[in-house]
Amino acid sequence: MSWFEKLMPSRIRTEGGDKRTVPEGLWAKCAGCSAVLYRAELERSLDVCPKCGYHSRIGARRRLEAFLDEEPREEIGADLISDDPLSFKDTKKYRDRVTQAQKASDEKDALIVIRGQLKGMDIVACAFEFKFMAGSMGSVVGEKFVRAVNASIELNAPLICYSASGGARMQESLFSLMQMAKTSAALDQLSKKGLPFISVMTDPTMGGVSASFAMLGDINIGEPRALIGFAGPRVIEQTVRETLPEGFQRSEFLLEHGALDLIVDRREMRDRVASLLSILTNKTVN
Amino acid sequence: MNLNFLEFEQPVAELEAKIEELRHVGDDNEINLQEEITRLEEKSRALTKSLFSSLKPWQISQLSRHPLRPYMLDYVERIFDDFEELHGDRMYADDHAIVGGIARLEGRPVMLIGQQKGRSTKEKLHRNFGMARPEGYRKALRLMEMAERFKMPILTFIDTPGAYPGVGAEERGQSEAIARNLKVMAGLRTPILCTVIGEGGSGGALAIGVGDRVTLLQYSTYSVISPEGCATILWKSADKAELAAEAMGITSDRLLELGLIDSVVPEPLGGAHRDVETMVLSLKQSLLDGLESLVGLNMDELLERRYQRLMGYGHFAGE
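The listed protein sequences derive, respectively, from chains A and B.
For the first sequence, the working numbering gives the first residue as 1, with consecutive numbering after it.
For the second sequence, the working numbering gives the first residue as 1, with consecutive numbering after it.
Source of the hints: derived by calculation from the structure; they are not laboratory data.
Certain hints may be false.
Unchecked claim - Taking lysine-lysine and the BS3-like style, the derived pairs with C-alpha atoms no more than 30 Å apart in a straight line are:
{"#": "1", "chain 1": "A", "residue 1": "Lys92", "chain 2": "B", "residue 2": "Lys240"}
{"#": "2", "chain 1": "A", "residue 1": "Lys193", "chain 2": "B", "residue 2": "Lys49"}
{"#": "3", "chain 1": "B", "residue 1": "Lys56", "chain 2": "A", "residue 2": "Lys89"}
{"#": "4", "chain 1": "B", "residue 1": "Lys240", "chain 2": "A", "residue 2": "Lys89"}
{"#": "5", "chain 1": "B", "residue 1": "Lys240", "chain 2": "A", "residue 2": "Lys103"}
{"#": "6", "chain 1": "A", "residue 1": "Lys103", "chain 2": "B", "residue 2": "Lys236"}
{"#": "7", "chain 1": "A", "residue 1": "Lys119", "chain 2": "A", "residue 2": "Lys103"}
{"#": "8", "chain 1": "A", "residue 1": "Lys93", "chain 2": "B", "residue 2": "Lys236"}
{"#": "9", "chain 1": "B", "residue 1": "Lys49", "chain 2": "B", "residue 2": "Lys284"}
To be verified - So the derived label-pair ranges between C-beta atoms look like this:
{"#": "10", "chain 1": "A", "residue 1": "Phe248", "chain 2": "B", "residue 2": "Lys236", "range": "24 to 30 Å"}
{"#": "11", "chain 1": "A", "residue 1": "Arg241", "chain 2": "B", "residue 2": "Lys122", "range": "18 to 24 Å"}
{"#": "12", "chain 1": "A", "residue 1": "Val285", "chain 2": "B", "residue 2": "Lys236", "range": "46 to 52 Å"}
{"#": "13", "chain 1": "B", "residue 1": "Asn4", "chain 2": "A", "residue 2": "Glu75", "range": "26 to 32 Å"}
{"#": "14", "chain 1": "B", "residue 1": "Leu281", "chain 2": "A", "residue 2": "Phe248", "range": "46 to 52 Å"}
{"#": "15", "chain 1": "B", "residue 1": "Ile233", "chain 2": "A", "residue 2": "Leu255", "range": "42 to 48 Å"}
{"#": "16", "chain 1": "B", "residue 1": "Arg104", "chain 2": "A", "residue 2": "Pro245", "range": "43 to 49 Å"}
{"#": "17", "chain 1": "A", "residue 1": "Leu244", "chain 2": "B", "residue 2": "Phe129", "range": "17 to 23 Å"}
All values reported here derive from a predicted model rather than from experimental measurement.
We put the beta carbon where it would ideally sit given N, CA and C, even for glycine.
Same shape as in the complex, but just chain B:
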């Protein structure tokens, strides 16, 4: 099994392996297999298209956590200029699960904040799998308040399974750190654009997710708890994650329909990791459009809009 393909993509993986093999043979024997290769490539594309035209929430949940999915810094280096990472919460530590810093987007100064996952085992541990501790959220808060002072828009990139559930995190006030961010972000006098680029996991995601515009990449997810977690609690078995993913409505199309997010950025065929450069261009355009729609507003108008958006969340009956 090719690890770069998910289980539901195995038919594509097999075709791709075959194409690879033919290319090899072609190289060695000077036989022209180009026609056959083109035919198979065509077939592979068609198959991918058909698989991706009817993805189930559980499959999308796996895509959002794909080991090759671009992470925050992959986008930062391709979209922004002069990025300078800024470290630490000034109180306790520098949390590597959250990256923050200043940069330029097409010349305009911006503050970037996001969770960063790791690719190798060592890197994963260094980034704590993108699960921030209180010091990470407090670093984010410090930088967001700095952005307000220097009138820089804030762009956040959300990609986390959730806030880290550990002893130290509890001791240092994980709840308070998240809560504080929610309260302060609601009133920050600068535009805030939030983009979920992978996994939008619970309070740990929301803690950098309150803003004027919330966008999901097409195969990202956003939910109150992971499908596995939900299944464990409600179905008493993590094996029911597929059902939980279905029930919770965690995908971009569903969330857009429910009015919980503002826009969706389409991904290349097969997902962001299959064509990072195309994904980068689409995300960059989405950020530019998002900023364009906000920078004209005066600050009171912007805050009123943000507040009304937040107050609009919820579905209930009776008066």
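Only chain A is shown next, with the shape it has when bound in the complex:
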């Protein structure tokens, strides 16, 4: 703890915003321990609270930025956009929702794929942008994931995916459901080529994403305290009509029940994944 932090009154509150977004000020409050943190320091630690280790959600670009070597980087499928095959409309048109999400997230859809290097090792990395319609999987996400797999095969390089998703995108209905089959089938090809897939599940990884490629990692990693599961806790509560146990569907719970290999702190992710891949592929890394 710095001398300056020690002098800080502990209850300074910053203006507005919900608890998960970091306000645009000099200061930020940790959603885990309520400590007031110097924003620059929080950013340096990838939005993990230096005091309690609480992992706030972060965007796809920032995650890949921190994970990959500075260069080379080449984005895959950057121009793919959703096509609204059903002309879907609920209380709002799907097209309008997409436009709105594009503005809010500055991304074209919910998955970003970059082919680059990790400590000098060729790699294809994907990350979900949760701000884009809750990271939901529709045709574009499915197609981009498949292209990521194909790029891995072409480069003979490992694949890694950081998931953060509410599940399938309802507005694309059965097209979304079929993305589960499409992405899983592509991973079957990757496995047959003997290339590793590392799946990192971050908060939250639910529904159709967890029930397809996210759970199919050769190594499944969870970020601390991430919510990971098939059905949402509210749905389960309504079905079984009882309160759910403490920590239910959190990474630690999944590790305990055998669904994850590891829980890794975001600040160590790059080093740990590089080390895992160097062993799996028997290569040396920088």
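Use these hints to put chain B onto chain A, whose structure you have.
Below, chain B alone, put in the same frame as chain A:
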């Protein structure tokens, strides 16, 4: 209200009640009411025809979940010979929501896998309303891998509201169980025919739904979430299920048009439950035709076709 008829069928139900009544009177009094009965029967048929010629997605969704709709085992006993049910996932339990086993279809050995719903309250609970837990999907996987070893085609029968959302199911890895099936089915070296015979609900349906040919019975539905579920999330009210059913495109004709399924088996007038024997014959023919179209292919060709089909799912713009 007659529970065997859905709300939109009430005019037919009333006519049928009247016919029943006349038959009774006829029996008692030896009066010949046959002419009147025939007239009413004609009218009832015409009315049913007109009602069923313009069904709304929401009405079809109700038909797909009709309490009298034939379930997997109803078809199995009528279509196949020597069915032997095989139990358990060899790891944890036998899930009664999924039935699996070997049988013969016109002499040819096949592996059958499907969700089974219950008819009575007790049976419904026993089958968990057709909602499988991880052990159900793992049993299915075990049997499908067995089918591959013994070179038997796999026929799946899909009829589920979805995978069971429960505490134990999550603890035992519901997501992983479904995901594993999707991945393995994509590469199984044996033909797979999937038929949605009722409700094709979400990941729980897809977990036995990856194959070479996907068929829907005419009044079955297939969707990413139930109309009620979709309405609750997007309209914030389950009452809007009718709108959600409309918007999602869950019916066989729509899905065929969108290229998401390969074929549709027509149902008898009024739905499968009105004439089970006719439905059985049509389904059997569809299965025989489906197998016929696949068994000639060599395995690499079959798998390549399956893979390209899967990769073809999706609608997007831009390169």
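Verification of the supplied hints:
1. A/Lys92 x B/Lys240: The given pair, whose Cα atoms are some 14 Å apart, holds under the 30 Å limit.
2. A/Lys193 x B/Lys49: The hint is violated at about 55 Å.
3. B/Lys56 x A/Lys89: holds, 17 Å
4. B/Lys240 x A/Lys89: holds, 13 Å
5. B/Lys240 x A/Lys103: Status holds; Cα separation ~29 Å.
6. A/Lys103 x B/Lys236: holds, 24 Å
7. A/Lys119 x A/Lys103: violated, 33 Å
8. A/Lys93 x B/Lys236: holds, 16 Å
9. B/Lys49 x B/Lys284: holds, 24 Å
10. A/Phe248 x B/Lys236: 24 to 30 Å: Given range 24 to 30 Å: holds, Cβ gap about 25 Å.
11. A/Arg241 x B/Lys122: 18 to 24 Å: Holds - the Cβ-Cβ distance for A/Arg241 and B/Lys122, about 20 Å, lies within 18 to 24 Å.
12. A/Val285 x B/Lys236: 46 to 52 Å: Because 50 Å falls inside the window, the suggested range holds.
13. B/Asn4 x A/Glu75: 26 to 32 Å: Taking Cβ atoms as reference, B/Asn4 and A/Glu75 lie about 58 Å apart, which means the hint is violated.
14. B/Leu281 x A/Phe248: 46 to 52 Å: For A/Phe248 against B/Leu281, whose Cβ atoms are near 48 Å apart, the range 46 to 52 Å holds.
15. B/Ile233 x A/Leu255: 42 to 48 Å: Since the Cβ atoms of B/Ile233 and A/Leu255 sit about 29 Å apart, the hinted range of 42 to 48 Å is violated.
16. B/Arg104 x A/Pro245: 43 to 49 Å: Holds, since B/Arg104 and A/Pro245 (Cβ atoms, about 47 Å apart) stay within the stated range.
17. A/Leu244 x B/Phe129: 17 to 23 Å: Distance hint for A/Leu244, B/Phe129 holds at roughly 21 Å.
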